[in-house]
Amino acid sequence: NAGVTQTPKFQVLKTGQSMTLQCAQDMNHEYMSWYRQDPGMGLRLIHYSVGAGITDQGEVPNGYNVSRSTTEDFPLRLLSAAPSQTSVYFCASSLRGTGRSYEQYFGPGTRLTVT
Amino acid sequence: AQSVTQLDSQVPVFEEAPVELRCNYSSSVSVYLFWYVQYPNQGLQLLLKYLSGSTLVESINGFEAEFNKSQTSFHLRKPSVHISDTAEYFCAVSFPPPHYKLSFGAGTTVTVRA
Chain A
3 NAGVTQTPKF QVLKTGQSMT LQCAQDMNHE YMSWYRQDPG MGLRLIHYSV
53 GAGITDQGEV PNGYNVSRST TEDFPLRLLS AAPSQTSVYF CASSLRGTGR
103 SYEQYFGPGT RLTVT
Chain B
9 AQSVTQLDSQ VPVFEEAPVE LRCNYSSSVS VYLFWYVQYP NQGLQLLLKY
59 LSGSTLVESI NGFEAEFNKS QTSFHLRKPS VHISDTAEYF CAVSFPPPHY
109 KLSFGAGTTV TVRA
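Going down the list, the sequences are from chains A and B.
In terms of our numbering, the first sequence has 110 at position 108, counting the first letter as 1, and numbering is strictly consecutive.
In terms of our numbering, the second sequence has 94 at position 86, counting the first letter as 1, and numbering is strictly consecutive.
Fair warning: there could be bad hints in the mix.
Unchecked claim - Each pair of labels, with its calculated beta carbon distance range:
hint, chain 1, residue 1, chain 2, residue 2, range
1, A, G5, B, S67, 18 to 28 Å
2, A, D28, B, Y47, 14 to 24 Å
3, B, N69, A, L81, 37 to 47 Å
4, A, P85, B, Q18, 37 to 47 Å
5, A, M29, B, N76, 42 to 52 Å
Unchecked claim - No farther apart than 30 Å at their CA atoms in a straight line, the calculated lysine-lysine pairs in the DSSO-like style are these:
hint, chain 1, residue 1, chain 2, residue 2
6, B, K57, B, K109
7, B, K86, B, K57
8, B, K86, B, K109
9, B, K57, A, K11
10, B, K57, B, K77
11, A, K11, B, K77
These aren't lab readings, by the way, just hints derived from the structure by calculation.
Every residue gets a Cβ at the ideal spot worked out from N, C-alpha and C, and that includes glycine.
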């Protein structure tokens, strides 16, 4: 298993540009989520999904869109990039439901800089 | 509202010395607790978790954490650290239901020196 994969690893955008961060998992996990990591703030939940066709907002959703058309993929779209979106983005996945281990598996991250 | 507080942002420690990383949470309901580790330029890996049962949980690489419900704490300890333990450590809490949504603390950077 490849686990959780993310592309690209690094990206530089100009203010106002749009782009999609890709996330895929091959573990048949129902739950997938996107976090952003900023110094001194830990990880904050952007959006999450509990299955194909179901998404919901997390703590910091503004400026981001998601969709979940398949179990495997959960892309994150930046509609109009702003310098405040400079961050490291992590995708994670896990099983859901009672009796599970609740361990979330994280991808390697995408480092995004908006100038 | 639930929250997670890691009381130390930076912890320098000498090799073979003990280390304790403190984590407190606030919640009016029962929670699940986790410690994740992030090595430089990598993603997060689960270190250990408390779901129920024994309040002392251990990892395979010598870390342990104790859940204290009355103090709402989940402190992480290791009796003797190695250079390879240099990393950032995150305490995380999931609030039922559903348990898969995590709230993270701000992180504690552990730097182990020879």
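Outcome of the hint check:
| no. | hint | result |
| --- | --- | --- |
| 1 | G5(A) / S67(B): 18 to 28 Å | holds, 19 Å |
| 2 | D28(A) / Y47(B): 14 to 24 Å | holds, 23 Å |
| 3 | N69(B) / L81(A): 37 to 47 Å | holds, 42 Å |
| 4 | P85(A) / Q18(B): 37 to 47 Å | violated, 26 Å |
| 5 | M29(A) / N76(B): 42 to 52 Å | violated, 33 Å |
| 6 | K57(B) / K109(B) | holds, 14 Å |
| 7 | K86(B) / K57(B) | holds, 15 Å |
| 8 | K86(B) / K109(B) | holds, 27 Å |
| 9 | K57(B) / K11(A) | holds, 29 Å |
| 10 | K57(B) / K77(B) | holds, 15 Å |
| 11 | K11(A) / K77(B) | violated, 40 Å |
When each numbered hint is compared with the structure, violations occur for hints 4, 5 and 11.
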